[in-house]
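K.L.:
Below are the chains, spelled out letter by letter.
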Amino acid sequence: GAVVSQHPSRVICKSGTSVKIECRSLDFQATTMFWYRQFPKQSLMLMATSNEGSKATYEQGVEKDKFLINHASLTLSTLTVTSAHPEDSSFYICSARGSGISYNEQFFGPGTRLTVL
Amino acid sequence: GENVEQHPSTLSVQEGDSAVIKCTYSDSASNYFPWYKQELGKGPQLIIDIRSNVGEKKDQRIAVTLNKTAKHFSLHITETQPEDSAVYFCADGGTRGGATNKLIFGTGTLLAVQP
Chain A
2 GAVVSQHPSR VICKSGTSVK IECRSLDFQA TTMFWYRQFP KQSLMLMATS
52 NEGSKATYEQ GVEKDKFLIN HASLTLSTLT VTSAHPEDSS FYICSARGSG
102 ISYNEQFFGP GTRLTVL
Chain H
3 GENVEQHPST LSVQEGDSAV IKCTYSDSAS NYFPWYKQEL GKGPQLIIDI
53 RSNVGEKKDQ RIAVTLNKTA KHFSLHITET QPEDSAVYFC ADGGTRGGAT
103 NKLIFGTGTL LAVQP
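If you read the sequences in order, they're chains A and H. Residues 2 to 118 in this note's numbering are what the first sequence lists, from first letter to last. Residues 3 to 117 in this note's numbering are what the second sequence lists, from first letter to last.
For reference, chain A alone in the conformation it holds in the complex:
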């Protein structure tokens, strides 16, 4: 149980284009999903928290107009990197927290490697 998938696993795009990453909870309903980015040899940095049916809450310093998050259902959240630039190249990871869970148990997806040329 508690499986989270991400698609695509890796993507290469040209500077200025937009990229959409999907995060799905496969066997549970996720009322809350989280998006992280991770640079090489560093820890995970939380970008935003999204609750199903409401606007995402962004961490300080994360541009909400650049990183668009949609959490349209209890099993799907998407992150769109708009007008991507080389500095946006990173490993993007989502996690999901199930409904009715009292402790902060989060299950992570396998990550998406974004390379912007």
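Calculated directly from the structure, the hints in this document are not laboratory data. Computed from a predicted model, the values in this text were never measured in an experiment. Note that beta-carbon positions come from the ideal geometry of N, C-alpha and C, so glycine has one too. You can trust all of the hints, since none of them are fake.
Which chain H residues stay away from chain A? Per the calculated CB distances, all over 10 Å, these:
id, residue
1, S14
2, T80
3, Q83
Calculated cross-link-like contacts (lysine-lysine; reagent style DSBU-like; alpha-carbon spacing at most 30 Å):
id, chain 1, residue 1, chain 2, residue 2
4, H, K24, H, K70
5, A, K42, H, K60
6, A, K21, H, K39
7, H, K44, A, K67
8, A, K56, A, K67
9, A, K42, H, K39
Chain A is fixed; fit chain H onto it per the hints.
P.N.:
Chain H alone, transformed into the frame defined by chain A:
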């Protein structure tokens, strides 16, 4: 704000030896502490967690201890195997039913198990 210190940053052990990774947190109200294992190019996997109503939890070769007074918790891996090699992250998971859902991660420990 809340933070989590994790030590050591790198750890090399011989196969069969034990490995211990320690974390210290700052928010005395926190009561949930997960540990994640991240292999190269993959997402973190929850390997064990502990809640503050117990001082120790064990799952086969992995155990976690918690000292709420000192605000630190540790991961213990016994009889290490090469496949245990990975980066391990501890996290402060906040309070049960708390307003925040954030995980505050440690800086990670690169464990290398030498065959």
